[in-house]
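Asks: For reference, the chains in residue letters:
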Amino acid sequence: ETGVTQTPRHLVMGMTNKKSLKCEQHLGHNAMYWYKQSAKKPLELMFVYNFKEQTENNSVPSRFSPECPNSSHLFLHLHTLQPEDSALYLCASSQDLRTTNEKLFFGSGTQLSVL
Amino acid sequence: AQKVTQAQTEISVVEKEDVTLDCVYETRDTTYYLFWYKQPPSGELVFLIRRNSFDEQNEISGRYSWNFQKSTSSFNFTITASQVVDSAVYFCALFLMDTGRRALTFGSGTRLQVQP
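Note that the protein sequences, when read in sequence, are chains A and B.
Numbering-wise (the numbering used here), the first sequence opens with residue 1 and increments by one.
Numbering-wise (the numbering used here), the second sequence opens with residue 1 and increments by one.
Quick caveat, the hints were computed from the structure, so don't treat them as lab data.
Incorrect hints may appear among the rest.
[To be verified] Computed Cβ-Cβ distance ranges for the label pairs, DEER-style: (1) B/47 <-> A/41: 20 to 30 angstroms; (2) A/53 <-> B/26: 26 to 36 angstroms; (3) B/57 <-> A/113: 38 to 48 angstroms; (4) B/18 <-> A/17: 45 to 55 angstroms; (5) A/41 <-> B/85: 20 to 30 angstroms.
From the three backbone atoms N, C-alpha and C, an ideal C-beta is built for every residue, glycine too.
I would like the entire structure built from these sequences, with the hints used as guidance.
Replies: Below, the structure written as structure tokens:
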């Protein structure tokens with residue numbers, strides 16, 4: 001079993017749909033992240049949570065709504081997306097933002113296609 | 001603002017060749033960490049190495065080696081005697097300690113294809 005599990009692996013949705021991406025980590029970490037990976041662009045940090053509290057929102061449009069009910073689970077709720085939102089969405093976790101041990105563990109991502 | 005540049009978009013080599021992946025970073029912070037991650041076709045990024053800004057000692061781990069030069073703001077990664085399994089996208093990343101944003105800034109990645 002991998003440390004960070006993301007579901008679904010693939011998602012196709014229309015612009016009017018509402019869907020959610022799920023991330024679960026089994027590493028006992030306290031910090032969780034959403035990154036967006038578009039073709040030929042650097043990974044873009046979207047959101048950061050530390051001990052269930054959101055510590056960063058990197059100017060992400062409101063059509064993306066994160067939720068962190070506990071330190072092990074992270075969701076990304078999607079609604080009225082645009083075709084340019086098609087990308088690989090990666091979840092990651094790390095021990096704790098307060099430490100210097102910023103080694104991230106990543107999930108395999110959700111490949112999202114918006115039609 | 002911090003920035004990581006990986007100028008090589010794609011590199012193709014033949015098995016057993018040595019290959020170096022370049023990484024140049026920009027920051028005004030004095031304390032920071034540099035990372036390399038590997039992203040195989042399965043998608044998840046795999047941690048390879050972390051180096052802090054006060055440690056310029058080069059590191060070797062098996063066929064992998066890293067050359068950190070603060071004077072040129074570079075943190076290059078060399079794979080010796082490349083193998084097909086090394087085919088992946090490699091990301092360089094920067095983590096700042098001095099400023100408020102405690103999260104990794106990634107470069108755009110270098111896709112390495114190792115041909116048999």
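Asks: If you check the beta carbons of residue 47 of chain B and residue 41 of chain A, does the distance land in 20 to 30 angstroms?
Replies: holds (21 angstroms)
Asks: Is it true that residue 57 of chain B and residue 113 of chain A lie within 38 to 48 angstroms of each other by Cβ?
Replies: Holds, since residue 57 of chain B and residue 113 of chain A (Cβ atoms, about 45 angstroms apart) stay within the stated range.
Asks: Do the beta carbons of residue 18 of chain B and residue 17 of chain A sit within 45 to 55 angstroms of each other?
Replies: Between residue 18 of chain B and residue 17 of chain A, where Cβ atoms are some 48 angstroms apart, the hint holds.
Asks: Please check whether residue 41 of chain A and residue 85 of chain B have a Cβ separation lying inside 20 to 30 angstroms.
Replies: Given about 26 angstroms between the Cβ atoms, the range holds.
Asks: Regarding residue 53 of chain A and residue 26 of chain B, is the given constraint of 26 to 36 angstroms on their beta-carbon distance met?
Replies: holds (30 angstroms)
When held up to the earlier numbered hints, the structure conflicts with none and fits them all.
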